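> Note that the protein sequences, when read in sequence, are chains A and B.
Counting along the first sequence from 1, when you hit position 46 you're at 46 in UniProt numbering, and nothing is skipped either side.
Counting along the second sequence from 1, when you hit position 11 you're at 11 in UniProt numbering, and nothing is skipped either side.
In short, the hints are calculated from the structure, not lab data.
Predicted model only: the values in this text are computed from it and were never measured.
It cannot be assumed that every hint is accurate.
Unchecked claim - Here are the in silico distance ranges between beta carbons for each label pair:
1. Pro37(B) / Pro38(A): 48 to 54 Å
2. Asp32(B) / Asp331(A): 41 to 47 Å
3. Thr19(B) / Glu37(A): 39 to 45 Å
A virtual CB, placed ideally from N, CA and C, is assigned to each residue, including glycine.
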Amino acid sequence: MRPFELTLTAAAEAIRQRRLSPVELTESVLDRIQQMEPRLNAYVTVTADRARRAALEAEREAAAGRFRGPLHGIPMGLKDLIDVAGLATTASSRVRHGHRAQSDSTVAARLAAAGAILVGKTHTHEFAYGLTTPQTRNAWDPGRVAGGSSGGSAVAVAAGGATFALGTDTGGSIRVPAALNGVVGLKPTYGLVPTEGVTPLSWSLDHVGPITRTVADAGLVLTALTGAGPAHLPDPAGELTGLRVGVPRNYYFERTDPEVESAVRRAIGRLEALGARLVEVEIPMTRHIQATQWGLMVPEATAYHAPTLRTAPDLYGADVRVLLEAGEPMDAGDYLRAQRARTLMRREWARMLAEVDVIAAPTVPVTAVPSGRESITWADGMVESVSDAYVRLCAPANITGVPSLSVPVGRDGAGMPIGMQLLGRPFAEATLLRVGNAYERTGPALPLAPLEATSLL
Amino acid sequence: MSADEDPGAHKAAVAATATHIRSIVSALRELDFGEAPPAFTACTAFTTCTGFPGEETRDAAV
Chain A
1 MRPFELTLTA
11 AAEAIRQRRL
21 SPVELTESVL
31 DRIQQMEPRL
41 NAYVTVTADR
51 ARRAALEAER
61 EAAAGRFRGP
71 LHGIPMGLKD
81 LIDVAGLATT
91 ASSRVRHGHR
101 AQSDSTVAAR
111 LAAAGAILVG
121 KTHTHEFAYG
131 LTTPQTRNAW
141 DPGRVAGGSS
151 GGSAVAVAAG
161 GATFALGTDT
171 GGSIRVPAAL
181 NGVVGLKPTY
191 GLVPTEGVTP
201 LSWSLDHVGP
211 ITRTVADAGL
221 VLTALTGAGP
231 AHLPDPAGEL
241 TGLRVGVPRN
251 YYFERTDPEV
261 ESAVRRAIGR
271 LEALGARLVE
281 VEIPMTRHIQ
291 ATQWGLMVPE
301 ATAYHAPTLR
311 TAPDLYGADV
321 RVLLEAGEPM
331 DAGDYLRAQR
341 ARTLMRREWA
351 RMLAEVDVIA
361 APTVPVTAVP
371 SGRESITWAD
381 GMVESVSDAY
391 VRLCAPANIT
401 GVPSLSVPVG
411 RDGAGMPIGM
421 QLLGRPFAEA
431 TLLRVGNAYE
441 RTGPALPLAP
451 LEATSLL
Chain B
1 MSADEDPGAH
11 KAAVAATATH
21 IRSIVSALRE
31 LDFGEAPPAF
41 TACTAFTTCT
51 GFPGEETRDA
61 AV
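So here's chain B without its partners, still in its complex pose:
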């Protein structure tokens, strides 16, 4: 059944899913982030984003 056919059921499904997502994501509030910055993906060098020490270089990828 589409959302058009039963808009009430669709709204209920969205609300239930949103509640479920909120309950899962709320676990992140337990963490002590200290000074950790967000790991945005605009980093140009993987090492500076990841903190992975001594990575193999991109040339050695394959």
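So that you can see chain A by itself, here it is in the shape it has in the complex:
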């Protein structure tokens, strides 16, 4: 196995045992990036020189017997909304031309202190305001969307161009691309991971979290991000006896592709076989989820961009500029109704989550669509925009702030990955990781996306 193919957990073990050096691993990942970038374009900037220097330093520390922890010498990509001192935070936008971050974001500083090595900044849908990341191609089929807005991070991890990456999630932007590219994405509880130094889309909905190959890897990154003590790593026995898994009887399986539904229900069946008890749950206030998400996100995004929307509107991409300007007429009444609806929704979700330990559901209702497709027509004749479809099942966790973990649960007939999300109570990330890890152990993990397939283009 080549070093770039290792999961974070495996690479960390190899480095700790001195079977692999941070230099070897970093060179292997940089080489993989060179191979994949012409086809996938996951990165805005590759910081090869900086990475090589950091790897050498990590190697010296390892030789001296000093290990900073499981991220010591591990190559990572950061979504290009996340400040790293001295580098541009482009937000994949011309608006940020000439930008240089003055200091590290809190998450970048914590990961650097944990020994992680930055190999580059990954593409986002411009300012995270979109669900496709059009610059980047899906790791499994370059004719399909990467998903977004953390498309570059998910594609980099799926193709072996980063051992892990960070994304941000305002309406699914970690989980959507993770699901579409067959990797793990964790949107932590609102407020658990600091957002200082991360360009906002919508302050009250934004989250930062890891995108990794495995659930155990996500746990290791989350520990470094939270600055918490030793991780409560998932139970290796994979036993779920007595755990109550909520299965939605409404909303999450409506207008969902049959192949996605079957794969997720099969995965839920595996949780039951591990001893979990399945409990039907009724998702509350479903008629008002989209209204609440938009009522919060649109005015917050427009408010953040108001200065540059006045001084440099032409530097925005057409789709993002239209959305930002369309938010201007929204008034305080709209915003307050959305905030009050969020209060009601959180109360209802609290009642529901008192009855179960986790809820299992599809992450997105459809796998990666061909690039350029704008809408989906469902069996009942309803036409939905691709972006609305990708946000639909993710938004409840952003509105309520509950944690959500997306794990790969197979591929559809076209070979595109399918994701299942596990939602839990606030700060119950350990439970989600335990369940996700137990599921992962029931079958073989998805391999890295093969570059050979992408070379057909």
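Knowing the structure of chain A, use the given hints to seat chain B on it.
Same frame as chain A, but now just chain B:
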């Protein structure tokens, strides 16, 4: 085509999107909010903002 190249089309796209947003967000007017306050994010303790009873503590997060 950029907004500069066709300002009329751009204005029309913004107006159509604003109408679409208004139609979605207007659904919130149906709700009976009672005494529910806005869920602003300045809350220092998640429990006081969310109403989630018996949450696990932050120390047990991972």
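> All the hints need checking, so say for each whether the structure fits it.
Results for each hint:
1. Pro37(B) / Pro38(A): 48 to 54 Å: At roughly 53 Å between Cβ atoms, Pro38(A) and Pro37(B) fall inside 48 to 54 Å, so the hint holds.
2. Asp32(B) / Asp331(A): 41 to 47 Å: 21 Å, violated
3. Thr19(B) / Glu37(A): 39 to 45 Å: With Cβ atoms ~41 Å apart, the hint holds.
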